[in-house]
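Enquirer: One-letter residues, chain by chain:
4 protein chains.
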Amino acid sequence: MSLPVLKNYIDGAWVESKAREFGDVHNPVTGETLARVPLSPPDEAEAAAQAAREAFKTWRRTPPLKRARILLKLKELILAHQEEIAVTLTREHGKIKNEAHMELQRAIENIEVASGAPSMMMGHNLEDVSEGIDEYAIRQPVGVYASLNPFNFPAMIPFWSLPYAVACGDCQIVKASPLVPMTMTKIFELIHQAGFPKGVLNLVHGGAATAQALMASPAIQGISFVGSTPVGRIVYETSAKHGKRVQVQAGAKNWGVVMPDASLEKSAENIIASAYDCTGQRCLALAGILCVGDTYERIKPLLKEGIARRKIGDGLEPGVAMGPITSPEARARVEKYVAIGLKEGAKLLVDGRGVKAPEHRDGYWVGHYVFEDVTPEMTIAKEEIFGPVLCMIRVKSFDEALEIIHASPFGNAANIYTSSGATARRFKYEARCGNLGINIGVPAPMAMFHFAGTKQSFFGDLHAQGRDAFKFFTEETIVIERWFDR
Amino acid sequence: MSLPVLKNYIDGAWVESKAREFGDVHNPVTGETLARVPLSPPDEAEAAAQAAREAFKTWRRTPPLKRARILLKLKELILAHQEEIAVTLTREHGKIKNEAHMELQRAIENIEVASGAPSMMMGHNLEDVSEGIDEYAIRQPVGVYASLNPFNFPAMIPFWSLPYAVACGDCQIVKASPLVPMTMTKIFELIHQAGFPKGVLNLVHGGAATAQALMASPAIQGISFVGSTPVGRIVYETSAKHGKRVQVQAGAKNWGVVMPDASLEKSAENIIASAYDCTGQRCLALAGILCVGDTYERIKPLLKEGIARRKIGDGLEPGVAMGPITSPEARARVEKYVAIGLKEGAKLLVDGRGVKAPEHRDGYWVGHYVFEDVTPEMTIAKEEIFGPVLCMIRVKSFDEALEIIHASPFGNAANIYTSSGATARRFKYEARCGNLGINIGVPAPMAMFHFAGTKQSFFGDLHAQGRDAFKFFTEETIVIERWFDR
Amino acid sequence: MSLPVLKNYIDGAWVESKAREFGDVHNPVTGETLARVPLSPPDEAEAAAQAAREAFKTWRRTPPLKRARILLKLKELILAHQEEIAVTLTREHGKIKNEAHMELQRAIENIEVASGAPSMMMGHNLEDVSEGIDEYAIRQPVGVYASLNPFNFPAMIPFWSLPYAVACGDCQIVKASPLVPMTMTKIFELIHQAGFPKGVLNLVHGGAATAQALMASPAIQGISFVGSTPVGRIVYETSAKHGKRVQVQAGAKNWGVVMPDASLEKSAENIIASAYDCTGQRCLALAGILCVGDTYERIKPLLKEGIARRKIGDGLEPGVAMGPITSPEARARVEKYVAIGLKEGAKLLVDGRGVKAPEHRDGYWVGHYVFEDVTPEMTIAKEEIFGPVLCMIRVKSFDEALEIIHASPFGNAANIYTSSGATARRFKYEARCGNLGINIGVPAPMAMFHFAGTKQSFFGDLHAQGRDAFKFFTEETIVIERWFDR
Amino acid sequence: MSLPVLKNYIDGAWVESKAREFGDVHNPVTGETLARVPLSPPDEAEAAAQAAREAFKTWRRTPPLKRARILLKLKELILAHQEEIAVTLTREHGKIKNEAHMELQRAIENIEVASGAPSMMMGHNLEDVSEGIDEYAIRQPVGVYASLNPFNFPAMIPFWSLPYAVACGDCQIVKASPLVPMTMTKIFELIHQAGFPKGVLNLVHGGAATAQALMASPAIQGISFVGSTPVGRIVYETSAKHGKRVQVQAGAKNWGVVMPDASLEKSAENIIASAYDCTGQRCLALAGILCVGDTYERIKPLLKEGIARRKIGDGLEPGVAMGPITSPEARARVEKYVAIGLKEGAKLLVDGRGVKAPEHRDGYWVGHYVFEDVTPEMTIAKEEIFGPVLCMIRVKSFDEALEIIHASPFGNAANIYTSSGATARRFKYEARCGNLGINIGVPAPMAMFHFAGTKQSFFGDLHAQGRDAFKFFTEETIVIERWFDR
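As given, the protein sequences belong to chains A, B, C and D, one line each in that order.
Each residue of the first sequence is one higher than the one before, starting from 1 at the first, in this note's numbering.
Each residue of the second sequence is one higher than the one before, starting from 487 at the first, in this note's numbering.
Each residue of the third sequence is one higher than the one before, starting from 973 at the first, in this note's numbering.
Each residue of the fourth sequence is one higher than the one before, starting from 1459 at the first, in this note's numbering.
Only chain A is shown next, with the shape it has when bound in the complex (with noise of 0.2 Å):
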């Protein structure tokens, strides 16, 4: 049986990819080969940019409600065919069924979200700035943006700038990875029914070549973009050498800190859950914790424990908590940090090298890792790993644990465990990450609040999600007016 081809989004209509190169699209569990995926050329992703600058057109004169309300009926047809979506992103992606669907929820959220543009998306205005004069500040939309998509949330992401820029009046190119593409493609089969006018929303396969192309494109006025730091910094150049407006979520390194006054079985919990689910391959994960006293003897039984009652198998099984890493490449990785850690001196307290799910045993497999006696200065400690391992460092105190924080070239996310106001509130004050947790392992903001690390974890100004999404896709006019008497 031959393998299905990806077809492109563009203009209303699927169109066949005249690509000449293609990428495959696995099953982790199996290494089976479910799709293959153009690796669009320049010219096709300028077309999808054509289509999107003429849809514009007309597009940003349909009222902000009338925009909205499309985007809640694609809601409602996410919902119908919610089940089956999750099934196509476990499938391509390895990630265990139940993530899939609270990664469709926070999806529908940002939909929601973005359906009060009405309400958000307005401009400010006042009277007599100079006697007789006015002023108002009118919010636009700008025209067409590009969206550029990693592996490891593949219908979430999207999402962060999806639906603000189509409620906003703005025309989107969404380039999904070329390892999960299956699931964009899914979504995109409910966008062309949901009402949108053709050319707003388009989907482009591909990979570096066709990210270029839209970053060059002149009919395109914006990129957001997901990714890891390296490559995220060249998009940041890049985008600014086209001259567009541009976010960049990149890399993490994300601490918690585990304070001898907090609660240590309900932390213990939190922190597995944060640092093993969506097999690690989350930038709000948490990649290591910081136990000050104590703490770091008394957590070490609680995180084997509960590591211990975690099953790792195929995603669609009922009682699987872990499903297999997305890709060979990371799964080698992993690999490679572990040997690493090893090497420099760190020690397995769980050992996750040689686990396999016995009946898949061709998936993409790696075990749960937790690395003691580690130290700052280890490689396991400073580089992101993205994978199911989490590095447990001593350290004698609160301030020690910040310097450590401030130390990580990093900013995403940093997390405390503690049942203390002052200590959290000196956490809040200090941490200088996007993204705090209080007793919170994956602090994800919820998508009426924007989201964006700091430092080599977010390159721009304005954020994903929330108001700053309405901000970064629109334009506000300044309009000064003064009427001659006649």
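Mixed in with the good hints there might be a few duds.
Unchecked claim - The calculated lysine-lysine pairs, modelled on DSSO-like cross-linking and capped at a C-alpha distance of 27 Å, are:
no.	chain 1	residue 1	chain 2	residue 2
1	B	Lys752	C	Lys1400
2	C	Lys1069	A	Lys73
3	D	Lys1699	C	Lys1427
4	B	Lys941	A	Lys382
5	B	Lys868	B	Lys941
6	D	Lys1913	B	Lys672
Said to hold, decoys possible - Just so you have them, the derived chain D footprint on chain B, three or more residues with Cβ under 8 Å:
no.	segment
7	547 to 560
8	594 to 606
9	903 to 914
Quick caveat, the hints were computed from the structure, so don't treat them as lab data.
Heads up, the beta-carbon is just placed ideally off N, CA and C, and yes, glycines get one too.
Since the structure of chain A is already known, use the hints to place chains B, C and D on it.
Expert: Okay, now just chains B, C and D, sitting in the frame of chain A:
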């Protein structure tokens, strides 16, 4: 008598630069040299950045209300020394003293708006984002910023960012234009008195290398630039390359549409003020007018008469309407474009060639120019001249005027002269420039509104001034908070 | 066949009222009685209040996002039953079915805007109001509210408050008008299905005594009223006497100014729709026009012709432009004013006396009326008629028109027909009514904007709909937080 | 020597009242009469209202920025005369001079925040609410307001409304408390110098009849009242009866919860300051503490020792911690409650009876009181005493403390002393008072936040200060705009 050599102001003290290169500051009325300005080497820029980084540690802990009060103290000091600063400004820049005062007025307005930081920099929050979990966006200062300033508004433009930065708890390094560095030097004397802790505000004189050092410094988190589009493009890309927040205000080519239903007398007066005040060196100045129907012929005599009444001379003397242009290079640039205009077939309705103020024959004089018979394809209709040159283009209709505005690579401002509500609305809806005037020749946003162009007139997303400035100078950290029962 | 007797909906169940008095619900097309409505005694109002108070305890703990989703579910249910509700509405009220649909549309828009509560009901906060002290305004639901509704928009007006109350976490008791109680009864059947916990929304039928009981109940914190000015005054004072939050939308007398530069054809069409749609029973309907200069004579034939094309009849039948008035009392009121108008010297340009739909001779028919030669002193120019009567007044100038608007005790709305930006600006600046139309006969604020008049058309400060509604239905609790070092 | 008789300030001039009744202003330290204050008759209140109405016509046309500058000028004048005002305030009120200065500081903060009106009073707008139709909420001043002020903060409380009213373009009449009218008289001397046009701000001395006249005047649109709950209820109802906007800040009974995990030393210090500063005459003062578990016994010695260090005397003398109470009536009220407390079975841990400052034996002295063994049913635990009396109640748990807070008819403030984040969160979520302190004895909102209680501590919806004040003092007029093609 030896020339004064300007000093840098770093970490609360005036320090002599070790620069090996210096610039000359001229009085454009006489051509005489007023002072020498160091083109500070990179290490001096970095010293300022380090001082600011150090100062940030305590400045960010200073309550917003206290920070605002120091700003209001600075306002009082500027008011008390207003005449003195205006004279300095006129002497080094050439614009008339009244224009210098108006510019200072705008600086003061920005101080006033920025002093509203305790109200304007608030974060937002929601209870129960999930049961028992609260979420906050807490708004915190970011760190150190630098502003890179042009020569046309020596006092005003640094205040598009300076007061907001310090009100929000950030520290700043100001690089004044080496053509007109004396004005900010004088203002920094007042900053020194106002009560800012040392290191919070720093002044580093210099040129491109100094700017490059600031853009590259890891101690600096953001860049505000105002200048030409070619340089602006470099600043945008370079700042992005270094991972910084950046806002770039760049070049302009602003058109005014004259509708048959406009009050032509008042419009002509307004056009003249827009085109020629500040010797045309304003990013919001009218570069040309698009005369619909018979307004072309009807407005010509009004422009001629209005211009004939304007006296050229030393801006410190009463009765003078227009001073010299700021530099010989600027004059040469104007003369070059006049020659091109004539060569390409435009005619001079008003010819400024050879005009000089009789008492100061060595000044950098440029007369008033009105080109007629200009067509959209001519060089003078497309490129930024930045001097007292107005181009007249005949158009048949509002639609034709709009096409010319749309065709421009710039989008800083556009104006319309009309008495019709319908026409004004279409203009607001369609013009796609950042600042739109309805019967307002210079649609300069008041300080409580933000300020930026579109297209190649602005790179970035958050604008200068107003609400956007409070956002550019703060980080909105997300805190998600849950407390375990004990 | 016995008449249906409407039930109250209290604490999640339909309950028979023990009322001793009942009202009759008529079909104004035929005069037949459709149902009997209980005038519920005070203890039933109190039972609803108690149920709501109890429900509040858990409803306020339900995350805003979940509350919003139940609202959006209600929207889907209303959409699915739209035709059915519209037919009910037309049958009990008399307005044509298309008007009923448009009214439902407005109700839905309010649901959509209210579902933005997670974004719109956020509090605000500031770090370091004093060193180490943070301050928050956290936004919390208040408790229980009641809405007292008029007969003219049976479906729409309850939705000016209902969706905001529940989105914000409050509970509500709705008292529908006893003239038109079937529409909300039908909608409450959908509310019952939508998933609201019991007690969150309650429907209590009744009259003045029921309203008094709600205003006096200590279990209720706020009152939203829409109705006439005399009753509104009582409601405002009574609610205040009981210490409640209160917003009172009251009577109106809305003028339209017709300027010589207006497009008279389009204006006339717009005036006719405003004055006669919904049989003139709209608080934003034009009560009269102030014709400047020769527009008086010029517009007369346009009005006559336009009105001549409007067919009167049963609103369920196609081609009908105007249904009957809602009650015999309303008809008598119109007839009384027509008589007064004639007696005081006004003349009928269009005479609606004796008009009847031939097929339904027992209906409460009122024809179209246009009074000419009206002067500002006449009773018909001063008092609210609330029927399809338009008064024409000749004025010399815009200023004279403004004086008449200013002299009115009402300030609900005013409109101007003009093409001049200058005139429109003066009108906006000077008219001092709550809702101003520029070439808009019924300036009804969209749901994302608030809605209220001025002068005796509104009592209170926070308006219905939009941002104000989120404020009326929340308490912004101040928290000032400091942590002592341990 | 004859006593000075205070004048009213109406329409820009000091005018002698024709009052037939006068009050005496005492120095509570000595009992001597300082001045006589007219209880102005209704026609003088009306004269002020008329002057304000007239002044409004041009004041509302003055650009917000200009209005703000006059306010900032007033701030400078108050700063320059701060010591002088503080002495006057201490002399007529009794509080110590340092407290007078702190109060002035709060007045100044409100001026500063109000001067942000150009940013804070902006309206909002949306393009294309329907195709081609734009909608604006333009924010306009309302007209004339009156403030009715209590005796406890003669300088601060009028500034909860005054600066916002004038910054927003409204005019105001201030009625100072007849017990302490000299402070505002002095401040109005500065208002006279600051540059307000005549009639914009007016001062009318008087009592209840004067207040009634203001509430009844048709020239006045809104009332701000601060005082007791019984009077507040009358003001709320009366103002509503006259159709006015109204905000009523009323009585209080504020509890502090002391948790076992609190820092008791710091808490005790904070409790003492809250309960006794300003001689307990603060609406945010602690009326009592709810001691959980053993904190009851542990805090007693700390309170006794802390109070023992406080010297009573003339607030103008150094080293004095507490001045006299303001009036003999206030003293009698305290003494009455002390007697009731003893009679109902409470015991005095600290007994203030018979305490006098030795040098001023005729002063209105009241000592420090701490009642122990208080139960929630006692009169002293339920009614507002408004003097330096602290009640101690033993409670078993946080829940029991919360029940007592909930049972109070007042909801002005509540505080908790704890180090636990979880307890603080529950407190914020459950306490249902307007102003909550976490380890803050007097949770007085800073000027950029609004200020009001709940339950019988506040009637109305828009609070004093901050964002709410800008809303209370403006009308947000809706404009819906469409232009017909010509």
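Enquirer: Now tell me if each hint is right for this structure.
Expert: Evaluated hints:
1. B/Lys752 <-> C/Lys1400: This hinted pair holds, its Cα atoms lying about 23 Å apart.
2. C/Lys1069 <-> A/Lys73: holds, 25 Å
3. D/Lys1699 <-> C/Lys1427: holds, 14 Å
4. B/Lys941 <-> A/Lys382: violated, 40 Å
5. B/Lys868 <-> B/Lys941: Holds, because 14 Å separates the two Cα atoms, which is no more than 27 Å.
6. D/Lys1913 <-> B/Lys672: With a Cα-Cα distance of about 56 Å, the restraint between lysine 1913 of chain D and lysine 672 of chain B is violated, given a limit of 27 Å.
7. 547 to 560: holds (count 4)
8. 594 to 606: holds (count 8)
9. 903 to 914: holds (count 4)
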